[in-house]
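Asker: Spelled out, the chains give:
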Amino acid sequence: MIGMHIPDGFINGPTSLVAGLLAIAGVALCLKKTSETLDDREIPVVGLAAAFVFAAQMLNFPVANGTSGHLMGGVLAAVLVGPWAGGLAVTVVLSVQALLFADGGLSALGLNVVNMALAGAFIGYAIFVALRKALGNTTWAVTMAAGIAGFLVPLIATAIFMIEYAIGGNEAASFGTVAAAMFGVHTLIGIGEGIITFLAIGAVMNMRPDLVYGARGIATRTTRPTLQGAPS
Amino acid sequence: MRRISTLAFVLIGVGVAVLLVLVLAPNANPNPDGLEKVAGDKGIDAGVTDHAFAEGPFADYGVSGVDNTWVATWIAGLLGVAATFAIGAGIVLLLRRARPTRSPTPTTTTTG
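Chains as they are written, first to last, in this note's numbering: chain P, 1 to 232; chain R, 1 to 112.
In isolation and in its complexed conformation, chain R is listed as follows (with noise of 0.2 Å):
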């Protein structure tokens, strides 16, 4: 078997990130999660506020204005997937550029 290439490798996993959200999401428990529900059989979350954003457009993964569950929850998903690969990736890159390299570094010609 040959290794597939670091491209490819990550088109793969976003691949299978999409599938997760437009084949498994809608279709999540949509009972309250463990927290939640220890939360409210017990009281403990007696003194929870409002989300700020909790009027936000992609509030709780919807979308303002999208009745249609399915729809809102991929729009919300692939929205989350796209985010948070940009900028878990963009933050990396960015450190990678601001640490002076190992790697010899050509120089920087400004153009102009």
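So here's chain P without its partners, still in its complex pose (with noise of 0.2 Å):
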């Protein structure tokens, strides 16, 4: 298992000093908004998103030829806890990756936060809303929503780090040549972040529906049936 996010040195420093920046400020709106919203039985599950992120982050799965991929997040923690809670939750994996594990470097975390916390959770979430809504708001839809919104996680990351590529990449290789490599395994490591969070999202939509923050004003199905006549 490796797991890299961008190292140090990758993109050069004052677009990473931008990048580190821009994620402080988004950090700061997530953490004020998620005063203001979460729920008080959502703090754990805020816990378990992170702690379920990051163990689904070492699970390198192959993609292609020597490539393997593994699963950003940023969705799967934002249907669960909301886009605010979720990237926190997201920006909690990198950081602890990146001081304890020396995954992503120091000088990187900004462009990381950014592309893998801010963007999966705000950009992605806000996805996942508009194709809940056009699969007809059923529970159902919020299954399908999340993995189709998955999917597209690495691929918004990749669009990000594009730009980051763009303005403070080595110039090694032309915009074209890494943007065509860095999309097409991208498209496959979409592949298997959609199939992840659709199964954690369709499994959490069997067990608690009332606790996916992206399932609020859904109808779910279940309607506390009594057929055994339990205590309620």
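In case anyone wonders, no lab produced these hints; they're calculated from the structure. Bear in mind that the values here come from a model prediction, so they are computed numbers and not experimental data. Just to be clear, a hint being listed does not mean it is correct.
Which residues of chain R face chain P? A few of them, derived with a C-beta cut under 7 Å, are [to be verified]:
| hint | residue |
| --- | --- |
| 1 | G34 |
| 2 | V38 |
| 3 | I44 |
| 4 | H51 |
| 5 | A52 |
| 6 | F53 |
| 7 | G56 |
| 8 | G77 |
Virtual Cβ for every residue (Gly too), placed ideally from N, Cα, C.
Grab the two chains, each in its own frame, and use the hints to assemble them into the complex.
Answerer: Here it is, written out as structure tokens:
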């Protein structure tokens, strides 16, 4: 298992610094919004979202010749606990990885937070909501939209990475060459991201749909059937 | 089907994460990931420098002094799961504590 986010020295200093400032602003917004909107019972669920994304990021799956991919987790976390707390959860994962496991450069932490935590949670969640509505706002639509938005997460991260590369990359290869290779491999990684997101959100929708932030306002089928006359 | 409690749900979820670490993480695909592969192929990683904590005790999801890669991955993975859970839940707990609560707060009686 290798698991590599953007390392130090990959994108130049000024670009990394700007990304760092963007990351700080984004995380500050996440903190503010989370404190305003989060339900108390969701507190351990935010911990779970971070822990699950961390564990899943260790599981590199093969995508092509000599290449692997792993979950990024932005949409998974955002659908589960909302874009604000979801962005925080993935930021926690990336920070622990950089500080404890030397995975992802310290000077590149802002880049990685912007690309994977914030873009995944904000842009990915917006796409999820649009898809959920288009699919009819049902329980099934929640799971399906999460899967499709999950598929797009690595492509969103790649698009933003390409902006960073264009501004602060080392120019060893042309933009088009890098973009073609990056979008190609991340389309394959997206399939894995989509499947994992679909399965994970589907499982939670079966167990506790009321805990799924992305399903708020959706008429969930679990209307507490009292088949066995169990005291509720 | 009766709904499980939030505590049970979180325990199940963490249990799944632990199982992923124990069973699947040591078998994860060892090839470079998408970014690393493209970077190496295209030479755009020429300026990359060593991580400041590359010699840290848990660098690259290993454990210094533990040669068995399965055991090292288990320890690193479980440590990461515990740390991310604690920090993730801890931050939002602190946020909620700091925020003026909606619900009527019990008067804080300091003992002593």
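Asker: For a quick check of understanding: which of the numbered hints are violated here, in increasing order?
Answerer: The structure breaks none of the hints.
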